[in-house]
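Enquirer: Residue-level listing of the chains:
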Amino acid sequence: MRRSANLSIPARSARFGRRLVPALAVGALVLAACGSDDDSADTADTTAGSIAPADSTAAAGSTAGSTGGAGDCNATLEAGTLTIATGDPAFSPWVIDDAPETGKGFEAAVALAVAKEMGYEGDAVVWTRTTFDEAIQPGPKTFDMNLQQYSITPERQENVDMSLPYYTSNQAMVGLDGSAAADATTVADLKDVKFGAQAGTTSLDFINDVIKPTTEPFVYDDNTGAKAALEANQIDAAVFDLPTALFVTTEIDGSSVVGQFPASAGGTTDQFGFVLDKGSALTGCVDAAITTLTDSGELDAIQQEWLSDTTGAPVIAVD
Amino acid sequence: MTAAPTRRAAYERAQRRRAAIIATASTIIVVTALIVLVPRASGWEKVRQAFFDGDVFTDSFPRLIEAFWLDVKILLWSTPLILIVSLLVALARSVRSPALFPVKAFAVVYTDVMRGIPVILLIFLIGFGVPGLRIVSRTWSDPVIWGTVALVLSYSAYVAEIIRGGIDGVHESQRAAARSLGMTSHQAMNTVVLPQAFRNIVPPMMNSFVSLQKDVALVSVIGPVEILRQAGIDKSKFANFTPYVAASLIFLAITIPCTRLADHLLARERRRTGATTIS
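Quick mapping for you: the protein sequence lines, in order, are chains A and B.
So that you can map any letter, position 187 of the first sequence is 187 in the numbering used here, and since no number is skipped, the others follow by simple counting.
So that you can map any letter, position 177 of the second sequence is 177 in the numbering used here, and since no number is skipped, the others follow by simple counting.
Hints are computed from structural coordinates only; laboratory data are not their basis.
There is no bait here: all hints are sound.
Part of the chain A face toward chain B, derived, beta carbon under 8 Å:
| hint | residue |
| --- | --- |
| 1 | 133 |
| 2 | 220 |
| 3 | 233 |
In this text, a Cβ means the ideal position worked out from N, Cα and C, and glycines have one as well.
Modelling step: build the complete structure from the supplied sequences, incorporating the hints.
Expert: Structure below.
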């Protein structure tokens, strides 16, 4: 009688195994169905390649291995369609209401402006989503370009291409009123502050490499975790890029940006760029588009439309 | 004992030797095939770089060991708590007095609900939710504390069911015999039923313990940097998955002895109950 109790364990796992196989098969079918979703993309070849006249001589159609120069604006994953990725979900003020296709929010607007310069408009632009981390790992990409506040760093550039910057940001701290971080004027005042930040971000590196607090910072999967920890009184301050920090303060009662760090802090400026596949032929084309938008002042205009004034937050000296 | 073996004993020894030879040969063939064939795959070199990078391994390993200490601490705190809570829940579910029905109903609802909620949600809910109410001081808002509470609540439901199964598995005649000797219902439970029940449930309990060792890592979603989070940070830093390989080696160093022990206990239990192994 007791023996049967013992035997029930392997018996159950065997049954589970038999059930798992059809489950996997169904999963594969669902994935396949999702994958064939975007075959509605029209081939708007006529609009592609309008910019960067120099590339008329470049070898068209070579998808990889030809970086530098003006790039090839036709070298997208799917001919005639530009696939742009952002976070899932995408956060304000970068993308408003998690709907990048509307062009509302700073990064949504920048992406559409860059796409337009590259010769892709309307239906020729397709949005997709990736996590922050997966897009900067080596390997095949599901997007032509990806933007979700990726700081340009040499480490990332070893694995992926990064475009010229479309925005330069300071790191900033959000704290509740009366927070231990509130009265700091230099980084030295922040040693005993309990920090939080998102994993894999330059904000976390900044805490560990520049502030070097005595207690280890808490680390979260995304900004939502850092916000919840602030509200739960588990951390004194969370570090974000400044526009995100300003937005976070609007969502948490009694919080404010208690300090921002100069862009040069820690020896690196925090500049956001598009992430592209390593050696992508598109990189040169994206760079050219960003240069054009910067020179024409359009990038500045987008910034003023979507990002709040960042000059108000107190500046904290980095020694 | 060393008298001349019977024909049956000799036959069984020959059978065992034959089984051992076949097992060794088949293991050698499979392992050799893996060692020879896997590196021949066209993508092996890339996979090797991404998962088995020696430099990344040595760089991240000390940090991972340090972070693993937090996992061990959470495990050591939560295990005795789980045993206590689950025993209480199991006893509550086993009460037979009609007056105590509300207790029994609570235990049933508790196990149903807690087993139905994903551990990760419970950790978010309790880890951020309880300190978020601002009824506890700053020191007691620590996510490690509330993450542990969430693990204890979830695992207690599972372990309570194991214990209840053990209690139900003790034949009713044991209780009847105890009562007929003049024991009270309490005495029968404590001195006759529970000791037998616990012997039966040690192996499944070890299973839960091994499972808990890995689920401890889920506490990292509310902030604490334990081994899996540290591995994730290092993975991003090096754009290489070797830190996860290093982390799993550290986990294995703990879980393998536990699973071996569980198997050993299971085998002993089989011998004790006289069940013969049928291959």
